[in-house]
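Novice: Sequence:
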Amino acid sequence: MTANSQTSAQTPIVSKWDDAVAASLSEPELLLYRSNLLGSDLRVTNFGGGNTSAKVTMRDHLTGEDVQVLWVKGSGGDLGSIKLDGFSTLYMDKLNALKKRYRGLEHEDEMVDYLPHCTFNLNPRAASIDTPLHAYIPKAHVDHMHPDAIIAIAACADSKRLTEVIFGGQLGWLPWQRPGYDLGLKLEALATSQPQLKGIILEGHGLFTWGDTAKSCYEITLEMIRLAEQWLGENVKQPVFGGVKTITLPAEQRAAIAAQLMPALRGRISAGERKLGDFNDSDAVLQFVASNDLAALAALGTSCPDHFLRTKIRPLVLDFDPAKPDVDALLAGLDKALEDYRADYTAYYERCKRANSPAVRDANPVIYLIPGVGMLSFAKDKATARIAGEFYINAINVMRGANGVDKYVGLPEQEAFDIEYWLLEEAKLQRMPKPKSLAGRVALVTGGAGGIGQAVARQLLQEGACVMLTDIDAGALAEAHANLVKVAGKDNVATVQGNITSEKEVEAVLSATALRFGGLDILVSNAGIASAAPLEDTTLEIWQRNQDILVTGYFLVGRGAFRLMKQQKIGGSMVFVASKNGLVASAGASAYCTAKAAEIHLARCIALEGAAVGVRVNVVNPDAVIRGSRIWDGKWKEERAASNKIDSDNIEEFYRQRSMLKLSVLPEDIAEAVYFLASDKSGKSTGNVLNVDAGNAAAFTR
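Take the sequence shown: its position 27, counting from 1, is numbered 32 in this note's numbering, and each next residue is one higher.
Hints are supplied without guarantee of correctness; some may be wrong.
What the hints assert, rightly or not - Quick list of in silico lysine-lysine cross-link-like pairs, BS3-like style, CA-CA up to 27 Å:
no., residue 1, residue 2
1, Lys-104, Lys-250
2, Lys-21, Lys-144
3, Lys-329, Lys-509
4, Lys-341, Lys-358
5, Lys-144, Lys-165
6, Lys-439, Lys-509
7, Lys-329, Lys-250
8, Lys-88, Lys-220
9, Lys-574, Lys-441
10, Lys-88, Lys-105
11, Lys-441, Lys-165
12, Lys-88, Lys-495
13, Lys-686, Lys-441
14, Lys-439, Lys-88
15, Lys-689, Lys-439
Hints listed in this document are in silico derivations from the structure and should not be mistaken for laboratory results.
If you're wondering where the values come from, they're calculated on a predicted model, not measured in any experiment.
Can you build the whole structure from these sequences, using the hints too?
Specialist: Here it is as structure tokens:
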């Protein structure tokens, strides 16, 4: 849940059903419509959580007869964005026949293996473990949601009685049980024996509702959530989270502390797999981390399995006093805090493991809570880190609601373990696709709005990296961001305006990168200008501008990135985009050539110091990258055309014919070279220069 959704949570949940839209939809399409409406509001269900289903009469392609088919959300996916191909389809008569195969609780998992044999119409979408929870409820339409307000009631110590008080017999209640076949049979028994019920609350977990039509099911779901929200709001008995304990720091200070803390944490938890981070200081988080009950409630862990599968059973609360903010002491205490957390997690594994449990997984925390500052979350990719934080906000909302009216109860430790290390969950993890080559890496690209900058960013994004673009041109940067979001989504690309000749602005860019993604692994120094003038016409202003951007700017960004990479202690890679002119002098361009030569030598100097800490530094030397270049769109094109005594319209053909290979050099060619040097493919290369110039004998390195 984001800060925006926290604000929207103050407004009542209202039906978005449009009869005019629904009138033209088939039953499967109505299920999709209902699902997308439910998934569009994080108060109704969290990202990726919840299930919907419909029992639909369809023509059997084999027999030509009408049969009843269960359409149910398949394994994985998100209700808000699901399409029709995200639903599994199964023969209801075969699902009913499975009851004869059920051998009891100790054989629960084998029932999942039968589900593919029930598939209708060869649908490749795998059925989820929740399929029996929908199949056997004797209603055409079933919703299973995880609303914060409902889970707050489900997680109360007096959950059963409160369910009766709040819903007046409209909802039944079942004690906590891990989702599976047996729970499906119990849902069926309760719904059948009490036909007046509109749904059921499952202790500690969530809400099941049903109806005869897609619309009635949808509106019953919303009605039950509204009743819960209203009752919780009107019956608060005690201060939220036990009242306020600490101050909350101003927003700018919170962000600065998080930006310092995240790379230090990231380096300490990325030994086995590089992690990406997310920072959240929404109102819900700040209220929780400033409260008297922070430590006690955090230690209880989450109640809903959807929550702790994303966040681990409990977070790490860091020792920090915002009234006396000592960031150095906070950083100094990280090793001990992480060591204690890992030991506690390992002990939890040893206490709860079973004979066939998978091996212990990464014992590092996912969620980090800092009093007065906010919440950090780390995971294998940016979206997962962000979503983990949103899930913990769901847990915070549940604890607020439950403790306000009763006493919050977390899921028993053994039950939590049995879900976290469920063999079916392990099988799902093993089916995950192999990570891309730059998965878990964070890249900063300067001059990111230009042709080469965007091509480099696109290449790195396609290889799995997260990319921060910076450029002095705010308008061009916004356009570049819009282009790249289409390639990689909003989680993986971000922008920050900055002037690399300003030490203060460079520090702000690096801080923004750390705050957005957790740290830095790859620097692509690409910001540039070009100028040409005979020596006698080269003014001090022209000379200094080249030095400021191409030398001082590269120094400032390189130094800042080096410091950040050194702090993380997990190495890194820098690639300087220089020029053929750094190796080959050109008449009429002394300021530019000299600055580019200095740029190359600076890279070699940083490579010498970087080797000891695993930071590699290499150079790509382009030549005449004209298409897509903002540099060549302006005065530089005219200057080079005049210098070579040709028409400016013929400039690309001139440079193509000048090359040994008679080829044009494109931004994508530079991007390929940058990717090679930034990635582990060149893991044993540093201090090198790679020419991408279509062949220029004078530029051969010696």
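Novice: For every hint, state whether the structure bears it out.
Specialist: Cross-check of the supplied hints:
{"no.": "1", "hint": "Lys-104 x Lys-250", "verdict": "violated (54 Å)"}
{"no.": "2", "hint": "Lys-21 x Lys-144", "verdict": "holds (22 Å)"}
{"no.": "3", "hint": "Lys-329 x Lys-509", "verdict": "holds (26 Å)"}
{"no.": "4", "hint": "Lys-341 x Lys-358", "verdict": "holds (25 Å)"}
{"no.": "5", "hint": "Lys-144 x Lys-165", "verdict": "holds (24 Å)"}
{"no.": "6", "hint": "Lys-439 x Lys-509", "verdict": "violated (40 Å)"}
{"no.": "7", "hint": "Lys-329 x Lys-250", "verdict": "holds (14 Å)"}
{"no.": "8", "hint": "Lys-88 x Lys-220", "verdict": "holds (18 Å)"}
{"no.": "9", "hint": "Lys-574 x Lys-441", "verdict": "holds (22 Å)"}
{"no.": "10", "hint": "Lys-88 x Lys-105", "verdict": "violated (33 Å)"}
{"no.": "11", "hint": "Lys-441 x Lys-165", "verdict": "violated (47 Å)"}
{"no.": "12", "hint": "Lys-88 x Lys-495", "verdict": "holds (20 Å)"}
{"no.": "13", "hint": "Lys-686 x Lys-441", "verdict": "holds (13 Å)"}
{"no.": "14", "hint": "Lys-439 x Lys-88", "verdict": "holds (24 Å)"}
{"no.": "15", "hint": "Lys-689 x Lys-439", "verdict": "holds (23 Å)"}
In this structure, the earlier hints numbered 1, 6, 10, 11 are contradicted, and the remaining ones agree with it.
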